[in-house]
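Can you build the whole structure from these sequences, using the hints too?
From first to last, the protein sequence lines stand for chains A and B.
Residues 1 to 286 in my numbering are what the first sequence lists, from first letter to last.
Residues 1001 to 1164 in my numbering are what the second sequence lists, from first letter to last.
Hints in this document: simulated from the structure, not taken from any laboratory.
There may be inaccurate statements among the hints.
Stated by the list, open to error - Derived DSSO-like pairs: lysine-lysine, alpha-carbon spacing no greater than 27 Å straight-line: (1) B:K1088 with B:K1076; (2) B:K1061 with B:K1076; (3) B:K1025 with B:K1131; (4) B:K1025 with A:K58; (5) B:K1025 with B:K1087; (6) A:K252 with A:K211; (7) B:K1103 with A:K58; (8) A:K130 with B:K1076; (9) A:K58 with A:K130; (10) B:K1088 with B:K1131; (11) B:K1088 with B:K1061; (12) A:K205 with A:K252; (13) A:K58 with B:K1076; (14) B:K1076 with B:K1025; (15) B:K1131 with B:K1103; (16) A:K58 with B:K1088; (17) A:K58 with B:K1131; (18) B:K1131 with B:K1061; (19) B:K1076 with B:K1087; (20) B:K1061 with B:K1087; (21) B:K1088 with A:K130.
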Amino acid sequence: MRRILIASLMSGLWLTQVCFAQELNVPTQATAGDTLSIPTSGNGEATFYLVGPGSSLKQTVHLGQAIQLSANDLNASGRYVAILCAGACTSSHFFVVPAGVSTLSFLAHPSRALVRQNDAISGVVFPFDKFRNLVIAPVTVNFQLTANKANLFSRSMPTRFGVAWFRSGSWNSAGMAQLTASVNDISAQRVLQLVASDPCNLRIKAQQVSKGILVETDPVHDCSGNVVPDGTIVSFTANSSNGRSTVDAPIKQGVARAQLTPAGAATISAASGVVMGNELRMEVRP
Amino acid sequence: MKTISMFALLLCSVMAVAQNAPEVKLVVESASPRAVESLTERSIARDYTAAWRTLAEASEKSSPSLLDAYFIGGAKATFARALAEQKKTGTHVRYLNQTHHLKAVFYAPEGDVMELQDAAEYQMQIVSDDKVIHDEHVVVQYIVLMTPGADRWVIRQLQAVPTL
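So, in C-alpha cells, the structure goes:
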C-alpha cells in the first residue's frame, strides 16, 4: 500500500513536470512577414504544430530551446494556434496583423462618363500589404482627377475597416482624364474618358437639291462647348403634303446630314435625344 | 441487424452534416454608401453559409479544389496553401457548430464589392494522425470581402482580426 502511494506521488510529480515543460510563451500579436521566436521550457523532444490561415506546420523541437518561425510561416494575417505536444499537448493562440501598405486595389467607375454629370464617377480603394493581407489600420488615401496636367479634383479620405471611397461629379471638358489613388508613395491609376454630354442648341440649315432637300446641322456641341462624339444620332423630320417622313443620321466630324423629299410647304425639324433643334419652313419646288 | 446498423450509420452521417452546417445571421442595414437589395441580401447569406461549409469540408478532407466554388483571389490562395501543407503534415482543422453574426459595413457604389464583419463562434478541433490534439471554442472576428460572380457571391478576403 505504501509502495502504491509513493508510486502515485512520483507519477503525479512526473505529470506536473511534463505540464510545466509544455508551456508555450507566444506573443499576443505579430506582424505578417516577421520572424518569431517562441521560447519553450523543459527538456527532451516535443512536436510543435502551428496552424494558421495560410500555414500548417509540424516539426520536432527540443524543449528548452526557442522555436524559430520564419517569415514565410507567418505571412498570412489572421489567428494562429501554436501547439506543443510531449505526451499531452498544450496550446496558445496569437494574431498576425498585416504589414504596411504595399499595393492598392483601386476600383474606379465608369471608364467613360459624360461631362457635367452629378455623382458620375466613383472610386473605391482597399490597401493591401505585400502578402495580400487587407490593411485594417487606418491610412489616408488621396484621390486625384487630372486632365491635361490640370488638377480637376482632389480629396483625402481615411480608410475605415480597410476601405476608402469617393464619389464625384464629372468635369466640364471632354477628353482623357487620369484618376489616381495614393497612399504615401504608393499609387494606382485609372484612365477615364470624359465625353460630351447631350447636344445643346441644335441648329439646322437646309437647301433644295435636285432630289429633295439637303438638311444639315451646324457643328453639334453640348452645353459646355464640347463637340458631340461622332455616331450620335440626329433625327430629321419633314412634315409636308407628302406626309411625315423621318431620317436618322449619325454625326460625322461634328455634323449630321440627311436628304428629305417633302413636297410643297414643308416644316423641317431636328432632334437628338431629348434636345429639339430649330424649325425651318420651306416651299419645296417640284 | 444489418439494416439497423446501416440506419444508425446514416443517422450519424446526417447528424454530423447537420452539426457542421453553419448558422449565418446577416444584418445589412449598416451598409453604405449603397443600400443592399433584398435579393442580394439573400444571396450573401446563402453564399457565405455555403462558403464556410465548403471551407470546413475542404479542411476536413485537405482538398484545396473544393475551395474553387466559393473562394477567389487572396482568400483562395491563402487557404489552398494551408490545405496543401495540412496534407503534408497529416494535420487538419475541423470547424464545428459554426455561428456567424455577419454585418455588411460597406457596399460599393457600383455594387461590385461588399465588405462585411463576421463575429464568428465555432468549435475548432485540430487533428493530427486521427488524434484530436486541440479542441477549443473559438470566438473571433473576421473582415470579409465578397464580390459577385456569375451566379453567386464569392469570398475574396477572409481575415481574422484581433479587434474591430
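For each hint, the structure was consulted:
no.	hint	in the structure
1	B:K1088 with B:K1076	holds (18 Å)
2	B:K1061 with B:K1076	holds (16 Å)
3	B:K1025 with B:K1131	violated (32 Å)
4	B:K1025 with A:K58	violated (35 Å)
5	B:K1025 with B:K1087	violated (32 Å)
6	A:K252 with A:K211	holds (22 Å)
7	B:K1103 with A:K58	violated (35 Å)
8	A:K130 with B:K1076	holds (16 Å)
9	A:K58 with A:K130	holds (25 Å)
10	B:K1088 with B:K1131	holds (16 Å)
11	B:K1088 with B:K1061	holds (12 Å)
12	A:K205 with A:K252	holds (16 Å)
13	A:K58 with B:K1076	holds (22 Å)
14	B:K1076 with B:K1025	holds (23 Å)
15	B:K1131 with B:K1103	violated (36 Å)
16	A:K58 with B:K1088	holds (9 Å)
17	A:K58 with B:K1131	holds (14 Å)
18	B:K1131 with B:K1061	holds (15 Å)
19	B:K1076 with B:K1087	holds (16 Å)
20	B:K1061 with B:K1087	holds (9 Å)
21	B:K1088 with A:K130	holds (26 Å)
Comparing the model with each numbered hint stated earlier shows that hints 3, 4, 5, 7 and 15 do not hold.
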